[in-house]
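> If you count by UniProt numbering, then the sequence shown holds residues 1 to 132, one letter each, in order.
The hints are simulated quantities; they were obtained by calculation from the structure and are not laboratory data.
Here a beta-carbon is modelled for each residue, glycine too, at the ideal position from N, C-alpha and C.
Just to be clear, a hint being listed does not mean it is correct.
[To be verified] Straight-line C-alpha distance at most 30 Å; calculated DSSO-like pairs for lysine-lysine:
| id | residue 1 | residue 2 |
| --- | --- | --- |
| 1 | Lys76 | Lys128 |
| 2 | Lys56 | Lys76 |
| 3 | Lys56 | Lys128 |
| 4 | Lys17 | Lys128 |
| 5 | Lys128 | Lys83 |
| 6 | Lys128 | Lys84 |
| 7 | Lys76 | Lys17 |
| 8 | Lys17 | Lys90 |
| 9 | Lys17 | Lys27 |
| 10 | Lys90 | Lys56 |
[To be verified] Label-pair ranges, simulated between beta-carbon atoms:
| id | residue 1 | residue 2 | range |
| --- | --- | --- | --- |
| 11 | Ser18 | Gln104 | 33 to 43 Å |
| 12 | His80 | Arg101 | 45 to 55 Å |
| 13 | Val132 | Arg9 | 48 to 58 Å |
| 14 | Ala120 | Met78 | 35 to 45 Å |
| 15 | Glu109 | Arg131 | 39 to 49 Å |
| 16 | Arg9 | Ala106 | 30 to 40 Å |
| 17 | Arg75 | Ala120 | 29 to 39 Å |
| 18 | Glu97 | Lys76 | 19 to 29 Å |
| 19 | Asp86 | Ser8 | 18 to 28 Å |
| 20 | Asp115 | Val21 | 16 to 26 Å |
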Amino acid sequence: MAAAKQASRKPRRRDRKSVPVGQAHIKSTFNNTIISITDPSGAVLSWASGGDVGFKGSRKSTPYAAGMAAESAARKAMEHGLKKVDVFVKGPGSGRETAIRSLQSAGLEVGSITDVTPQAHNGVRPPKRRRV
């Protein structure tokens with residue numbers, strides 16, 4: 001029987017690079033808010049979401065959860081030396097403004113805010129109207 005081969009590879013760990021300027025991408029849907037903070041080339045430095053910071057179900061879609069997620073992502077990104085971000089907001093959710101405010105209050109300087117929500121040119125049929 002062949003001898004069992006030992007795995008001697010260590011998990012690859014990226015070294016921390018100092019990035020003073022970056023981008024914050026906020027994707028706010030009706031169910032959750034996801035914040036990704038990247039360097040200018042698009043490599044992700046940190047991310048957080050409503051579910052990542054401990055909210056479940058319908059509480060993930062609240063502005064409070066979006067603020068907590070933005071604060072968490074900002075704290076992780078500031079360990080990389082991040083000081084200033086340009087914000088790109090996508091989606092119709094309720095946590096958009098709260099997430100931007102939380103990035104500012106966490107200590108990041110917001111350079112510009114851009115709405116990059118995609119607009120359909122008559123694409124797929126929208127969901128049917130809710131009858132409540």
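> State for each hint whether it applies.
Against the structure, the hints come out as follows:
1. Lys76 <-> Lys128: With a Cα-Cα distance of about 40 Å, the restraint between Lys76 and Lys128 is violated, given a limit of 30 Å.
2. Lys56 <-> Lys76: Given pair Lys56, Lys76 holds - Cα atoms ~22 Å apart, limit 30 Å.
3. Lys56 <-> Lys128: holds (25 Å)
4. Lys17 <-> Lys128: violated (47 Å)
5. Lys128 <-> Lys83: violated (44 Å)
6. Lys128 <-> Lys84: At roughly 41 Å apart (the allowed maximum being 30 Å), Lys84 and Lys128 break the hint.
7. Lys76 <-> Lys17: holds (13 Å)
8. Lys17 <-> Lys90: holds (27 Å)
9. Lys17 <-> Lys27: Holds: Lys17 and Lys27 sit about 25 Å apart, inside 30 Å.
10. Lys90 <-> Lys56: holds (22 Å)
11. Ser18 <-> Gln104: 33 to 43 Å: This hint is violated: roughly 22 Å between Cβ atoms.
12. His80 <-> Arg101: 45 to 55 Å: Violated, at about 22 Å.
13. Val132 <-> Arg9: 48 to 58 Å: The hint (48 to 58 Å, Cβ to Cβ) holds, given that Val132 and Arg9 are roughly 55 Å apart.
14. Ala120 <-> Met78: 35 to 45 Å: With a Cβ separation near 36 Å, Ala120 and Met78 satisfy 35 to 45 Å, so the hint holds.
15. Glu109 <-> Arg131: 39 to 49 Å: holds (46 Å)
16. Arg9 <-> Ala106: 30 to 40 Å: holds (36 Å)
17. Arg75 <-> Ala120: 29 to 39 Å: holds (36 Å)
18. Glu97 <-> Lys76: 19 to 29 Å: Holds: the Cβ-Cβ distance is about 22 Å, inside 19 to 29 Å.
19. Asp86 <-> Ser8: 18 to 28 Å: Taking Cβ atoms as reference, Asp86 and Ser8 lie about 43 Å apart, which means the hint is violated.
20. Asp115 <-> Val21: 16 to 26 Å: At 20 Å between Cβs, range holds.
Checked against the numbered hints given earlier, this structure breaks hints 1, 4, 5, 6, 11, 12, 19; the rest are met.
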